[in-house]
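S.K.: Residues per chain are reported as follows:
Number of protein chains: 2
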Amino acid sequence: MRPAGIPQPESFVSDSIPVRPPDIDEVLLETMYLSIDPAMRSWMSGPIAPGQVMRGGGIARVLQSRSALFQPGELVQARLGWQTYPTVPAKYLQKVDEARGDALAWIGPLGLSAITAYFGMRDIGSVKPGDRVLVSAAAGGVGQIAAQIARIEACQVAGIAGGAEKCGWLAELQLDAAIDYKAENDLAAAIGRACSDGIDLYFDNVGGPILDAALLHLREGARVVLCGRISQVATDQPYGIRNLGQLLTKRARMQGFQVFRYHDRYEEARAWLAARHREGRLQQRLHILKGLGTAPTALGMLFRGDNSGKLVVQVKV
Amino acid sequence: MRPAGIPQPESFVSDSIPVRPPDIDEVLLETMYLSIDPAMRSWMSGPIAPGQVMRGGGIARVLQSRSALFQPGELVQARLGWQTYPTVPAKYLQKVDEARGDALAWIGPLGLSAITAYFGMRDIGSVKPGDRVLVSAAAGGVGQIAAQIARIEACQVAGIAGGAEKCGWLAELQLDAAIDYKAENDLAAAIGRACSDGIDLYFDNVGGPILDAALLHLREGARVVLCGRISQVATDQPYGIRNLGQLLTKRARMQGFQVFRYHDRYEEARAWLAARHREGRLQQRLHILKGLGTAPTALGMLFRGDNSGKLVVQVKV
Numbered sequence: 020m021r022p023a024g025i026p027q028p029e030s031f032v033s034d035s036i037p038v039r040p041p042d043i044d045e046v047l048l049e050t051m052y053l054s055i056d057p058a059m060r061s062w063m064s065g066p067i068a069p070g071q072v073m074r075g076g077g078i079a080r081v082l083q084s085r086s087a088l089f090q091p092g093e094l095v096q097a098r099l100g101w102q103t104y105p106t107v108p109a110k111y112l113q114k115v116d117e118a119r120g121d122a123l124a125w126i127g128p129l130g131l132s133a134i135t136a137y138f139g140m141r142d143i144g145s146v147k148p149g150d151r152v153l154v155s156a157a158a159g160g161v162g163q164i165a166a167q168i169a170r171i172e173a174c175q176v177a178g179i180a181g182g183a184e185k186c187g188w189l190a191e192l193q194l195d196a197a198i199d200y201k202a203e204n205d206l207a208a209a210i211g212r213a214c215s216d217g218i219d220l221y222f223d224n225v226g227g228p229i230l231d232a233a234l235l236h237l238r239e240g241a242r243v244v245l246c247g248r249i250s251q252v253a254t255d256q257p258y259g260i261r262n263l264g265q266l267l268t269k270r271a272r273m274q275g276f277q278v279f280r281y282h283d284r285y286e287e288a289r290a291w292l293a294a295r296h297r298e299g300r301l302q303q304r305l306h307i308l309k310g311l312g313t314a315p316t317a318l319g320m321l322f323r324g325d326n327s328g329k330l331v332v333q334v335k336v
Numbered sequence: 020m021r022p023a024g025i026p027q028p029e030s031f032v033s034d035s036i037p038v039r040p041p042d043i044d045e046v047l048l049e050t051m052y053l054s055i056d057p058a059m060r061s062w063m064s065g066p067i068a069p070g071q072v073m074r075g076g077g078i079a080r081v082l083q084s085r086s087a088l089f090q091p092g093e094l095v096q097a098r099l100g101w102q103t104y105p106t107v108p109a110k111y112l113q114k115v116d117e118a119r120g121d122a123l124a125w126i127g128p129l130g131l132s133a134i135t136a137y138f139g140m141r142d143i144g145s146v147k148p149g150d151r152v153l154v155s156a157a158a159g160g161v162g163q164i165a166a167q168i169a170r171i172e173a174c175q176v177a178g179i180a181g182g183a184e185k186c187g188w189l190a191e192l193q194l195d196a197a198i199d200y201k202a203e204n205d206l207a208a209a210i211g212r213a214c215s216d217g218i219d220l221y222f223d224n225v226g227g228p229i230l231d232a233a234l235l236h237l238r239e240g241a242r243v244v245l246c247g248r249i250s251q252v253a254t255d256q257p258y259g260i261r262n263l264g265q266l267l268t269k270r271a272r273m274q275g276f277q278v279f280r281y282h283d284r285y286e287e288a289r290a291w292l293a294a295r296h297r298e299g300r301l302q303q304r305l306h307i308l309k310g311l312g313t314a315p316t317a318l319g320m321l322f323r324g325d326n327s328g329k330l331v332v333q334v335k336v
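Taken in sequence, the protein lines are chains A and B.
Residue numbers for the first sequence, in the numbering used here: 20 to 336.
Residue numbers for the second sequence, in the numbering used here: 20 to 336.
Simulated from the structure, these hints should not be mistaken for lab results.
Wrong hints could be hidden among the right ones.
All copies of an identical chain are treated as equivalent in the list; a pair is satisfied when it fits inside any one copy or across any two copies.
[What the hints assert, rightly or not] Taking lysine-lysine and the DSS-like style, the derived pairs with C-alpha atoms no more than 30 Å apart in a straight line are:
{"hint": "1", "residue 1": "K269", "residue 2": "K110"}
{"hint": "2", "residue 1": "K201", "residue 2": "K110"}
{"hint": "3", "residue 1": "K147", "residue 2": "K269"}
{"hint": "4", "residue 1": "K309", "residue 2": "K269"}
{"hint": "5", "residue 1": "K335", "residue 2": "K269"}
{"hint": "6", "residue 1": "K147", "residue 2": "K335"}
{"hint": "7", "residue 1": "K201", "residue 2": "K309"}
{"hint": "8", "residue 1": "K335", "residue 2": "K110"}
{"hint": "9", "residue 1": "K147", "residue 2": "K309"}
{"hint": "10", "residue 1": "K309", "residue 2": "K110"}
{"hint": "11", "residue 1": "K110", "residue 2": "K147"}
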C-alpha cells in the first residue's frame, strides 16, 4: 500500500532473499552507506510500487564483477536498493577515487547531496561574491553544503534550521546568521533581522510558509532556487504561497531543478568539492544510523527534522 | 485618500489649472491619447500620493518647446499626467517616427504595452519556434501582442480571456485555442484540453487562480513569465498559489520583470514591432474612450474586464 503522510516504520516490510550472482555486465556489491533523502518519499508515491525494493543512493564495495569496468574491492557510488548485497547493472555505478576521500566523504561532502548543492547554487542560483544568501534546512544534507559553497564564494550567508542544536552547528560553519524557525513566532520578521539588507539568492529546501516568508525579503534581481520542498511532500493539503507578487516587484527569478539532469557534469562538481574538502573549507556533518534495520525509521526522522546532519544508514557495521 | 480595492470614479477629483509655459529644457504638450494600464492601480498605493496628478503614459503633440531636441508639431511618447496640456521635462519624452505609424499605432502595436510583450516573450520567456504557449488576459493590452509575437515565432498559441466576445477576437488573431475563463467551472481541465501537449511558455498577466491552474500543465523546462497580476492588485487578500511544486518537478523557471528596465533597448523592440506591423502581422485592438473625463471610470473597467482591447483614453477629441 502506498503511504499517506510521513512514512512510518510500518510503511516498510523487510525480506530475506538469496544473493544473486552477477550476470554479464552486472556487479555484486556490498552496501556500505545509504543516503536517506526527502525525494524518497516522492518515489513512494510514484516510481516505486508497493512490494518493490526501496531505492536509495549510496556507497558500496564491489564483491564480484562481470563488467570489464569494475574490479572486486573497488569503491562505487551507485543507485542501490535498501539491500545488503545488491546485484546491480554496471551502468548504474560510478567509480569513486579513494585518494579524494574515504567512503564517508563520498556519501558526504563529495556525494550526491553535495553535487545537488553545487549545481543549485551555481547553475540555478548564479551565486556571485557579495550576494546576500539565505538557505533553508541549512543543517540538512544539501543545505549544509549550499551554505558552505556560498561562504566559499564570499557571500553573506544566513541559514534557517529547527532547534538550538542545529543552529549551533550553523554557527560552527561560520554562517553570518542562524534562524531557529521553531523558536520564532514571526518568521518573516526573523528573516528580516537576519538578512537586514535583503536576499539576493534564496536556496530553498522546504517550500511552504518558510518560502513564503523569504519572498518578502527579496532584493532586486533576486534568484530563488527551488531544490526541495520537504514541508509539502508528505501532505495532501499544500500550503498556498501568497507572496509571489514579490517576483514581479523585484524582477526576481524562481527556478526548480533536479540534479540528475547534470549527470554529464558530475565530475566537474566532484573535482570542485574535493578540492574544497581537501583545503578543509567544506565539511559535512552526518547523522549515522547503524544497521539496515534503521532505514524504515530514518525516512520519517527526516520529515520530523529529528536528524542533526545529513542522514545516513551505515549498512556494513 | 488612497483607494481600497478597484478604483472608482470617486477615487479621483478633477481640477482646472492654468497652462504653464515651458521652462528651459521643458516642453508644453497637447495630450492625444492616454494608455490605461493595471500598473496604475499599484501607483495609487505607492508612488502617487493623494492630491498629485495621476500619472499615465501616452502620445502627445509638442505645442511649445524650450528644448533643442523637440520642435513644435512633433509627436512624442511620454510619461504624462491625466492632463490636456501638460508641461513636461524633455527627458521624459521620446520622439516617435510618424513614418512608422500614426498616433494610434504608437499607443497600440508600437506602444509600451507592445514593448512589454516583446521583452517578456523574448528575454524572459526565451520564446522559440514550436513552443506551446499560453497567454492569460490574451485580449488585453499586453496579452494581445504577446500572443501575436508567439504566433509570429511559429509557436502553438492558446489564449485565456473573459467572455465570448473577447474569445472571438482571439480566434480572429488566429490563435490555436481560446479559453473563456468565465464560462469554465474547471479552469485547469479547460487549459488541459486547450494545451493537450502541455505548456512550454506561460505568459501571465493575471496571477491568482489562473496562474495556479496553468502551473499544472507545465512541460519539462517550462518558462513562466510574470508580467502582471491584475487579479491580485486590487485586493488585500492575495490568493495562495498551491502548485509551485510543479516548478520543481518540471525544472521550470518563473520570472518577474518590469519593462522600464529595458529602456535602453526600446528602439530594438520598436523596430521589430514596426516591421511586423507594416507586414500586417501585428495588430492591436483598442478600446477607446473619448474625453479626459472618462479616465476615472476607465481604470475600474480594466479591473472588471469591461474593456475589449487595450484601453485608451482619447484626450483630444
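S.K.: All the hints need checking, so say for each whether the structure fits it.
M.R.: Hints versus structure:
no. : hint        : in the structure
1   : K269 / K110 : between (45 Å within a copy, 25 Å between copies)
2   : K201 / K110 : neither (43 Å within a copy, 52 Å between copies)
3   : K147 / K269 : both (18 Å within a copy, 26 Å between copies)
4   : K309 / K269 : neither (47 Å within a copy, 35 Å between copies)
5   : K335 / K269 : neither (50 Å within a copy, 36 Å between copies)
6   : K147 / K335 : neither (41 Å within a copy, 52 Å between copies)
7   : K201 / K309 : within (28 Å within a copy, 58 Å between copies)
8   : K335 / K110 : within (23 Å within a copy, 73 Å between copies)
9   : K147 / K309 : neither (39 Å within a copy, 52 Å between copies)
10  : K309 / K110 : within (28 Å within a copy, 71 Å between copies)
11  : K110 / K147 : neither (36 Å within a copy, 35 Å between copies)
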